[in-house]
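Turn these sequences into a full structure, and let the hints steer you where they fit.
There are 2 protein chains.
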Amino acid sequence: MPNIEGVPVQATGLLTISLPAVAANWRHIGALVGPDCAVAAVVKAQAYGLGAAPVTRALLDAGCRSFFLATVDEGIELRQAVGPRADVTLAILGGPLATGTGLLLEHGLTPVLNDPGQIDSWRRKAAGRPAIINIDTGMSRLGLSAVDVAKLAADPTALEGIALSGVMSHLACPDETAHPLNALQRERFATLAAMLPRAPLSLAASSGIFLGSAYHHQMVRPGMALYGLNPTPDRPNPMAQVVAVKAKILQVREIDANATVGYGATHTAQRRSRVAILGAGYADGYLRAAGNRASVRIGRHAAPVIGRISMDLITVDVTDIPPADLHPEGWATLLGPDYGVDDLARDSGTIGYEILTRLSSRLHRVYIS
Amino acid sequence: MPNIEGVPVQATGLLTISLPAVAANWRHIGALVGPDCAVAAVVKAQAYGLGAAPVTRALLDAGCRSFFLATVDEGIELRQAVGPRADVTLAILGGPLATGTGLLLEHGLTPVLNDPGQIDSWRRKAAGRPAIINIDTGMSRLGLSAVDVAKLAADPTALEGIALSGVMSHLACPDETAHPLNALQRERFATLAAMLPRAPLSLAASSGIFLGSAYHHQMVRPGMALYGLNPTPDRPNPMAQVVAVKAKILQVREIDANATVGYGATHTAQRRSRVAILGAGYADGYLRAAGNRASVRIGRHAAPVIGRISMDLITVDVTDIPPADLHPEGWATLLGPDYGVDDLARDSGTIGYEILTRLSSRLHRVYIS
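Here the protein sequences line up with chains D and F, keeping their order. Quick note on numbering: this note's numbering labels position 171 of the first sequence as 171, and the sequence is numbered without any gaps. Quick note on numbering: this note's numbering labels position 87 of the second sequence as 456, and the sequence is numbered without any gaps.
No lab work stands behind these hints, which were simulated from the structure alone. Possibly wrong hints are sitting among the right ones.
[Claimed, not checked] Chain D residues, not near chain F, derived (Cβ > 12 angstroms throughout): (1) Gly6; (2) Pro8; (3) Leu32; (4) Asp61; (5) Ala98; (6) Met219; (7) Ala265; (8) Tyr282; (9) Pro322.
[Unchecked claim] Distance ranges between label pairs, derived from CB positions: (10) F:Pro569 x D:Ser361: 30 to 36 angstroms; (11) D:Pro323 x F:Ala563: 29 to 35 angstroms; (12) D:Thr319 x F:His397: 56 to 62 angstroms; (13) F:Pro706 x D:Arg198: 49 to 55 angstroms.
The beta-carbon is built from N, C-alpha and C at its ideal position, and this holds for glycine as well.
What follows is the structure, given as structure tokens:
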């Protein structure tokens, strides 16, 4: 099998990230929500593991101007990549902790204000700089409570000195379209936001966007959908696939019937078998929970994972693959067109978000741009 | 709560790694196996996530001279950190792939030879340089089969040109002391190794060491035990704890009885409650499977995780913690003396190895040296 262009010959694990697919997904959402609704991008946790800087540059080229991050450190790193562009908002969901306010100001970052103390602190320190208010409408996570909002509304000076650039909340169950909490959160959000000064409203992230236009308001904040995960789990995936992962075949061995495979001897061969040993494991981000459950692709053939996932190795049954299709030191596809992130997540008992965020730096990264 | 020395004020997640504890664990194993058995160190996958370079430097100071890595790239990186020391062996478990042999020679790396093709290739290219032969005795993973070993033994020229520096194998079930595969693998290893030229033998990794001196041979290869995981899961942990993880309390909120918490609304408060929101999540390496199962420590109090783990946030019930013990922007201990890596692994349905290898670079790292 020929080497893959741009990949060091010794690489045993490979992560390919399509930046045009990220941009296409952003434009797809833009077309869905229409021209009166801004489309921000959630690029926290290194753009869900795919690299905040390259993903943000691709989205800037596509026209995106608002980016959401989790921590001040993520904001500082991305500000350095983006430069001091006044037209680009980098919002920090974790809020302006007492210990981080100075850095927010220094690096031109926009805090999401999550409690009355943060609002008061930002008001006193920020001298008219923008901020976004976050209301908790049903996550019991970060954000103002209904009581907090009422107190804020009753105090005309409480927001003096803050350029309120948005009011947001976050849905708990948007991937369950029939969940009653969706409409309840939307109603609470409307009621509470109406008590605050007028500002652009934002409620929906990826799945929320697909709940319909009543959830779009003035800004949507997709994350996972940009990265190719399915925001509509009960329907076919409308997003373009962004990532592919391959691992090199390090060895192919014959084992006898009744031979056991891997740690804990959890797989027993039912017949004389051929096993391919692949150069990736849970340290590369292939969850250990996928052992004995997931499958990989070699050429056009599927090969089931047998035995437990090791730290650096995966064992797959290739008995039914013609030897001519098993190239020594060829590549097996762990994530690709026929078996994507959501498939591996299902077979690992988790969600695609966790698969993406744990793809490790040991995988050699190739960005398609 | 005062800031922690050496930690940026804005940090919301913190990973502390005790290098003296790693060295103490290495010495503990040395005392256990005695002076006639070398103690190597497995530092692949960035020393199980803790940093291959700092861990290796600490172990070099303690006297360790043999280090095992998974890939050629890991070997090159560590060789650059260690320098061209002829007394230090860096062994590559993944073997000398056709595509990586030149780099092994260039960087003074010792391959583990896993199949006849690799042996033949190394013999022709390596001009007397050392290598280790790996025999598969029951993992059905990398290594020579019994048939391969017999063929090798029958051909007096097969190893000409290789300085055989060791013969190794790897146990599948050493953490299950009564598993019959342990003795079977040991016997197979003795039989097959006896057919090869005389060289130091190595079978046991961390748990195998605790199966007794019959498993020690001339070298043991601990990994997880160096990093404080329990190699004897049915007995108290004999190793010193190496890692601690803390997350900052971003907000404390009151929620009503019957309020739901987090994605999917999987937790419902049974009473009026206080919830602390912590600044770490599955993107930091706290497995999503720990949702509604694990617990954290705040001061001397335990607080159960409620709801699903988010990408960047963890919600814990702090209703029973006196408010005076809940310092705003204080730290919660996710992994520490009272609840260690093996505890979180149990509550996440996995093993400590996976917890360690997924601790992400977003956690601010502090090395105690």
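Could you tell me which of the numbered hints above are not met by this structure, giving the numbers in increasing order?
Checked against the structure, the hints that fail are numbers 2, 5, 7, 8, 12, while the rest are satisfied.
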